[in-house]
Every structure is written in structure tokens, then in C-alpha cells.
Amino acid sequence: MKNKALTVPFVLWAAIFVVVPLLMILWYGVTVEETIPYTEIVLDDGSVIYELEDGSHTSEKPYEKRARVSLSNFKRMLEPTYLKLLLRSLKIAVITTLICLLLGYPVALILTGRDFKRPALWLMLLILPMWMNFLLRTYSWLSILENSGILNGLIASLREAIPALDEWLLARGVRRRIVFLYNENAVILGMVYNYLSFMIMPIYTVIEKTDRSLLEAAADLGANPVQRFLRVTLPYSLPGVLEGVTMVFVPAVTTFVISQLMGGGKVPLIGDIIQNQFGKSSDWHFGSTLSLLVMVVVLAFMGALNRIDKEEAAQKEVRIL
Amino acid sequence: MENILSIRNLRVVFEDGFVALGGVSLEIGRNEFVTLLGPSGCGKTTLLRCIGGFEKPGSGEILYKGKDIVPLPPYKRAINTVFQRYALFPHLNVAQNVAFGPDLRGEDRKKTAREVGRMLEMVGLAGYEKRRIASLSGGQQQRVAIARALINKPDVLLLDEPLAALDLKLRREMQLELKRIQRESGITFVFVTHDQEEALTMSDRVAVMRAGEILQLGTPEDIYNEPQSAFVADFIGESNILPGTMVRDKLVRFLNCEFACVDSGFGEQAEVDVVVRPEDLKLRPMDDPAEGVPQGVVESLLFKGVHYEMKVRSGESVLLVHSTHARPVGMRVKLAVAPSDIQVMRKSDCSPDVLKRHAERAQ
Chain A
171 MKNKALTVPF VLWAAIFVVV PLLMILWYGV TVEETIPYTE IVLDDGSVIY ELEDGSHTSE
231 KPYEKRARVS LSNFKRMLEP TYLKLLLRSL KIAVITTLIC LLLGYPVALI LTGRDFKRPA
291 LWLMLLILPM WMNFLLRTYS WLSILENSGI LNGLIASLRE AIPALDEWLL ARGVRRRIVF
351 LYNENAVILG MVYNYLSFMI MPIYTVIEKT DRSLLEAAAD LGANPVQRFL RVTLPYSLPG
411 VLEGVTMVFV PAVTTFVISQ LMGGGKVPLI GDIIQNQFGK SSDWHFGSTL SLLVMVVVLA
471 FMGALNRIDK EEAAQKEVRI L
Chain B
14 MENILSIRNL RVVFEDGFVA LGGVSLEIGR NEFVTLLGPS GCGKTTLLRC IGGFEKPGSG
74 EILYKGKDIV PLPPYKRAIN TVFQRYALFP HLNVAQNVAF GPDLRGEDRK KTAREVGRML
134 EMVGLAGYEK RRIASLSGGQ QQRVAIARAL INKPDVLLLD EPLAALDLKL RREMQLELKR
194 IQRESGITFV FVTHDQEEAL TMSDRVAVMR AGEILQLGTP EDIYNEPQSA FVADFIGESN
254 ILPGTMVRDK LVRFLNCEFA CVDSGFGEQA EVDVVVRPED LKLRPMDDPA EGVPQGVVES
314 LLFKGVHYEM KVRSGESVLL VHSTHARPVG MRVKLAVAPS DIQVMRKSDC SPDVLKRHAE
374 RAQ
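Sequence lines, in order, name chains A and B.
Mapping of the first sequence onto this note's numbering: residues 171 to 491, in sequence order.
Mapping of the second sequence onto this note's numbering: residues 14 to 376, in sequence order.
Only chain B is shown next, with the shape it has when bound in the complex:
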């Protein structure tokens, strides 16, 4: 199937020479829910603004149904946006805000009024037509912003951190709501967030961005289970990233022990980063028969509700462990990891300097 959006080699350099996007390419299919995920200043909002037409890329193209839309101003693009702070018109009431698009196109008012009613019903605000924007809560305003965009029946809806201003409970509700709306309307969603949990919950595919580049693109499961760089592993969920050496294919050495793993193709004695998720580290008693596994001492214990979070020191490293069984502080333990839970990556090229600069920039 033809992709609805093809972003090719998009480059944005700001006036002061800051490279906001350094040649980004991304294919987005019909009815897909794609999330651009990354820390502040990674270029995700810039990419979204390029698609919406609010930012002019220096080079590269954005193909919409096969046609380059870069030269088109925003009002000529069949793409709508839900802005981060909603940007609702405070001098208009709810119905007038939602009717803004159809009204501009000079559509029949009775038909528009019916459509507005239908849209408000879909976002759970039936009967709110006459309300003033200022009288709405954050979540309600957010729903109005979605209705205002969707009434134009766009093929692509861009959402710029639309849930960032909501409290946790409301955010969870709206995540499900958005996912439902996306499924029901069949519209392609391009969603920007810095909240990895949000990205994993809602998306069909996630593009993890850093310093103006897409580091990894894949399904939430791929991104979580097989991060291709230390940055992705670190950004998506909690993880232990350890320096290691690939002894040979399917055998990796870290924490001064050798582990069987499923990765290969790195070459012998290659320097690598090893990622182990906290929940994949198993703590065994010292009398466990396992041989040749690292040992450690429990340094701290925290109850987190669903699980206990422990820090275990093993040699130079401190490892994060999630487990439903608590181990007392000071206890000596053996550490075990299943081969499939070891994720081996090439040494990361993400210099801390670049990351810091981008993060500062975003503030």
C-alpha cells in the first residue's frame, strides 16, 4: 500500500546555525499511529511543524500521497494539527471553535451544526456547544481541539504533546480515548511526546529521536525489547547498560563473567554495550547451583507498588533490579539472566556533549 506521508532527507537549520533536523527520513502508512519520541530539543516538534507547514525545511521533501507539499502554506495542506496548548480561539464558544474549518470553507451552516454536534459527541462533550472556552477544564479543551481538527476530515492528524498539560489519571484516559478515535476514524496520527510510556501504549510504530535524527524506528515491542543503542535503551524504560566484550558469536562477557546470548555478527573481542532490563535480572540465593555467574550485594530496597526496586552492587557496577520478591539490604546474591534477555549493541556514538546541548536548547 502506498504510504500517505514520505519524509525524505528533511533538514532544518535554524538561523543561528543550530541543526534542528539533520536529514530525517520517515515513511508513514495509512491509518497508522506513529509517535515521534525523544527528549526536549531532539527535533520531534520541528519535524511535526514541517509536516504541518509551520516550519520551512532547508532541504528534503515531504511527500503527501506522492506529491511534495513543502512549498504549500499550512492552509493548503489537508493536514490538521492539535497544538500543544490547544490554541483554541477564546473569543469563540465551543461550537464556533469546532466549526472554524467548515465555516471558512463556506459550508452549509445547518450541516455544519449537525457535524459539530456529532464531533462533540465523539469526544464526549455533547451539549457543550454554547460553553465558553475559558470555562472548560484542560481535558475538555483538549477534546475541543481534537474535535476542531477532526471535523475537517483530515487524512493525517498531527498531535504535538497534546496530553502534556493533563494530570496523570486524565492523561491515561485520554490515551485510550485518542487510540479509540484513531481506530474509529481511520485517520493517520502523527503524535509527538517525550513520555516513553505514552509512546509505547498508543503507537503502532515509534520513532525515537535524538539530536535531530531518528535513532530507531519500530513497533513498541521492538523498541523496548531490542533497543539498538544505549540511548534508546536508556530513554525507553529503565535499563542497565553495561560495558562488555563479545567473546564470539552468542557469547558475551560483562560483569567479569561470560553469558550465553542470542546476538551474533559483532566479530570476536568486539567492544559492545550490553542492555539488561531490571525485570530480567534474577536474584538467586548464594546456595544456588548456578556456576560462573556474577555475585552482588543488595544495597537498597524500595517498595514500588507492583514490584520491589533493588540496587545490587557487583564489582564496579550498580545494577537496578525489579522483582516481586524483596531481598534484605546487605544480602549476598547471585545474578542470573536468560540468554534472550541480554541485548547486545555496538558501542554507542552518542556523545554526552551533543545530548546536553540539545537539552539546553529546548529550555
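Bound-form chain A, shown alone:
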């Protein structure tokens, strides 16, 4: 009872910074903006008055806009243009998540290995770049990959040094300057680079925490290293994998900076469009509607993930008997 008072700051915080903004987005999402309708009446003396809907009259021209509840933005949202953008965002996010998982899981596994000395140092090295500004990190990729960038420079000097290689590449239609940027692959690269550590950390933590005596017990009962991995390490690391997947997938669906820098505006994602609505297009209502859409998609995704986890647990139950 007495502890209830301690929760007040948190409840207040949650109300002000979580519930209220969410309600505002919901409100913006289900409304459209319109000017108040009126009819112009020219009086006999030539002056003009305006009659509003409710029959009242005013001598000043109504310029105020007002919000009206309408689902028209939802209809607009379902237009193919936006659905395609959403699908592309989902596709890129899924690919990014898979690559992060394929790269991150082995890294986490190696770092937790018994023979691996000083894992903390290596984790540090992995995380250190993440302390640098996000934009700076992404810009550095630009300077590596752009048409006159470091990588193309290296390839050019290599081709100059070895004419045979140059001819061979030319014969295969590889141009002197390779365009690495401004396509989906570049966006995916940017995302993988920025989000990889979010995959490694939770998996590393879970594997690290796994009781080593369970591995010894499995070995004792005849499990070779592969069987040990499949039957002990993998099932125990699943919560970490799910957490990592969530931590990569959610920002990957909603990001807009990476797609703008690495994609150069040629690979717009749903996040870019939302950002546009609050910026250039200045249509907060439609922006909010799209945000709601993304939110629903993310929630559905996380729900599905939870379900996979539960089903897997149920399957394990019946695996043997």
C-alpha cells in the first residue's frame, strides 16, 4: 500500500509521454482538416457577411480550419502507392533482420566460447562505433561507397595495375566506376551495419547466462558438439534471438535516415513518407494514419513472433513422447 506512492512519478511520466502522444496520433489519424464551410451573402449596402452552418452570421471571413472525424485517410493509405512502400519497408527490414541474425548469432556464440579470451574487450570493440553519431557513421559509408569514393578508387588503381583484370571486367560489362549506392542493397548494408550490435548483445547475454553444466551434461549423455548446440544452446538462446530480432526489425521498419542517405531518395520507405507528411507535405493527419498502420504491422509481427516461441515450446513438449 505504502509503495503505491512511489509509482506516481512513473504513472505520470507514462501518461504524459506515452499515453497522451499516442492518443494525439490516434486523434490526428482518424480526422481530416477542413475549412469551416460558409456561404457568402452580399447585403443591399454592398457589404458582405458570411453565414455559417449553424445559421449564425459573421462579418469577418472565416479562415479557421477545423478537424473533422473522417476515415478518408485510411482509404488513402490503402492506395497501392503506400502499400507498395510498406511492403518494400517490410521486405528490407526482414532481409536486414535475417542478415543480422546470420552474422550476429555466430559472433555471439564465438564470444561466449570457453576458449575465447577476453570477450569483454571484443564486445567493447563491437559496440564502440555505436557511440559515435549515427549520421557520422552512415556518412562514412557514403564516402567509402560513392562513385568517386574510397572503394571505387581502390578498384580503379587495381585495374590500372593489372590490365588483364581490367579487360576481363570490361568484357563482363563491369563499368570503371561501380555504382554501389542508391539502391536497396546499399540501404540494407546501412541498416545491417547500424543494427548488428542490437542483435549480438541480447543473444550474447542469453548464451553467456546458460548454465555450462547443462552442456557438460549433454556431452556426458553422448551429445557431440553439433547435437549440443541444437539441443541445448539453441533452445536456450531463443529468447535472446527473439529479443534481437525485435530490436533490429522494429527500427528497420520505421527508419528513414538510412534510406535517405544510402538510398539517395531512390529507395523511399514508409518511414520516409511519414516523415514527409510531418515535414514538406505538412499533412499531420495522413502522417498519423500511416504511423498507426506501421504500429499495427509491428504489433502483428511481434504477436506472431511470440506465437512462434510458444508453439516451439509446445512442440518440444511432444518431441520425444
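In short, the hints are calculated from the structure, not lab data.
A portion of the hints provided could be inaccurate.
Stated by the list, open to error - Okay, the calculated bits of chain A under chain B, using three or more residues with CB under 8 Å as the criterion:
1. 360-373
2. 400-414
Stated by the list, open to error - For each label pair, taking beta carbons as the anchor points, the in silico distance ranges come out as:
3. A/MET300 with B/GLY151: 42 to 50 Å
4. B/GLU239 with A/TRP292: 41 to 49 Å
5. B/SER330 with A/ARG288: 51 to 59 Å
The beta carbon of each residue, even a glycine, is placed where N, CA and C say it ideally should be.
Got chain A sorted already, so can you dock chain B onto it with the hints?
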């Protein structure tokens, strides 16, 4: 008969230079119940882990049925282990845990299910197949761990302090249970414990270890009645260890008196340690006719249930005496010991420093 396990000159030195095992040799026969007994840090668990394959010895060999198994990883050894904290798989239920080994070998599931039932029955957990590990008590988990190991029909079962986490009553029950399982299954048990009573109750033979070495190996009776060093005497049960001098064969002097004894071969006037068990010290009234025996004063008296525990001061020494007859504090008594109850040993070489280091290490 050929020994199932021959451990020869096994040496384990940890990375920081700590000698965990300093050249241990041990022969273990078929169907034998051998206990490795010693204080924390004596190397008993390290030895067990070497046999199981979880620790690589620096040198020496472990012959299993005549073949050196040191290079083999644990999963290629026909030896199973019951781990100290059981190491059951919490994501599997009881039956799945027990079936882990047969399942790995891809054995027929129906047959495995029958085997699991049989094993659970043997350890007294029939009908527990579907239970979750977390819902079991410590004793039940321990039984599951035993069933999980035994279903693989190992020739040797290693047990690493499997009863340490149980309360006294349950521990007593499980001691009898384990002994019964060992007899019925005909499996060789190598059992690690620091509980001397447990070791004496269950084992065919006991190896008392200290500081990475086996000090004494023998039947529980041998170990208890004829400890070969002060350390063993002290570790196994309560005892009075007194400095003495071997006057000549079969005559030893301690507590400023000469006693007839059964030991010989120490040489004349040799410095020795004398061990007398508390229950072998007899307190006689002062008017007892015995001549030339030490006298003492009762300093304390404690009722211990089966017997009284008294401390008797005699000169510089304080002796522990167990007796069913209480003597009041302050009473003067004569002390008597039968010759066969006097155990004479060479002066011990166990320096307190070494013991302390090993004990600290274990913490």
C-alpha cells in the same frame, strides 16, 4: 579380475600453476563402490572430471577396460555422470530428460518410453513422466539425474557430491537408495563427497584425498580403525591425535605414560603421532587398581543423544572422550586404553600451510 578403471599417475596443473592433482594413481574394480573423500580443494572433483572427460590432465593415463580414454571427448566415453547440482534440462520434462541419451542415439521411441518408465520406477518416481523439472523437489531432481545417467547402461557411474544439497533425513534415505541401485545394477560407482560419514556408510573402498594426492585407500573399516596419517585420522571421525615416542616395538609413550600397543617397526625412540578414538578412551575411578596410567580432570560434559561427550585435561593435553556413562565436571579420573585401540603413525608431513591453501582455493 581386470580392473575397469586404472588411473595412472594423473597430473592436473591449472593455468595459474595450482597443482590440482599431483600424480594420482587408483585402481577401480568392476561393481565396486569407490568414494573419493576429502576436504574442499583436495582434487576429488578434478579427478572425477578427468574420468568424465571434462578436464584434460597434463600427464598420466586413465585406462578404461585397458584402453587409454584421456584423448576421448566426454560424449565418446561409456561413462555417465550425476552432477552436483544435477544439471537437468529445465526446458524438458522428466521423461524427456531421462530419454536424452537414448534419444541422441536414435533409439526406438517406444522402447525408450518403456525404458524411461522402468528407470523412473527404479528410482521411485513412477508416474512422474510428464512433470516439469521446476516442479520437483531436490530429492526428486536427484533421482531424475540418476535415472537419466543409468538409462544409458554405463559401466561406470560418476557421482559428484550428489547428496550435498539434500537435508539430513533425505540424504540418509538416498544413501541407502544409491547403495541398493548400485548393488542391483552391478554398475561401478565412483562417488565424490566431503562427508566422511557418507563415505563410510556407502563405500566398498574409500580414497582419502588431500592437496591433490590420495593419502590412504582402503575399506571403510581400515580407514577408520587404522588411519595411516594424522590427517586421515582427523578427517575421518573424531579423534585424539597426540605426540608420542615409540619406546620400542609394541611399547609407546604418550601423556607421560607408557602403553602397550600392537604396532611395531618404527625403530626405538622414534617420534610418532598416536591416534586414540574418543570411544576407545575409558574413564576409570581414581580407586581403580590400574597402575602407571595417565590421570585427568573432567572439564566439560555434553549430552549427545547416544553418548556423552567429555573433555578431559591430562597435563598439557585435552582429550575427547565418548562414553555412555556421564562423569561430573571436576571429577578426577584415570584414563585407560586397550592396546589394540592405540594407532601409531609416523609424524605427519601435512603442513598446515598446504592444507590452508587448498581449502581457500576451493571457496
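Tested hints:
no.: 1; hint: 360-373; verdict: violated (count 0)
no.: 2; hint: 400-414; verdict: holds (count 4)
no.: 3; hint: A/MET300 with B/GLY151: 42 to 50 Å; verdict: holds (44 Å)
no.: 4; hint: B/GLU239 with A/TRP292: 41 to 49 Å; verdict: violated (57 Å)
no.: 5; hint: B/SER330 with A/ARG288: 51 to 59 Å; verdict: holds (55 Å)
The structure fails to meet hints 1, 4 from the earlier list, while all remaining hints are met.
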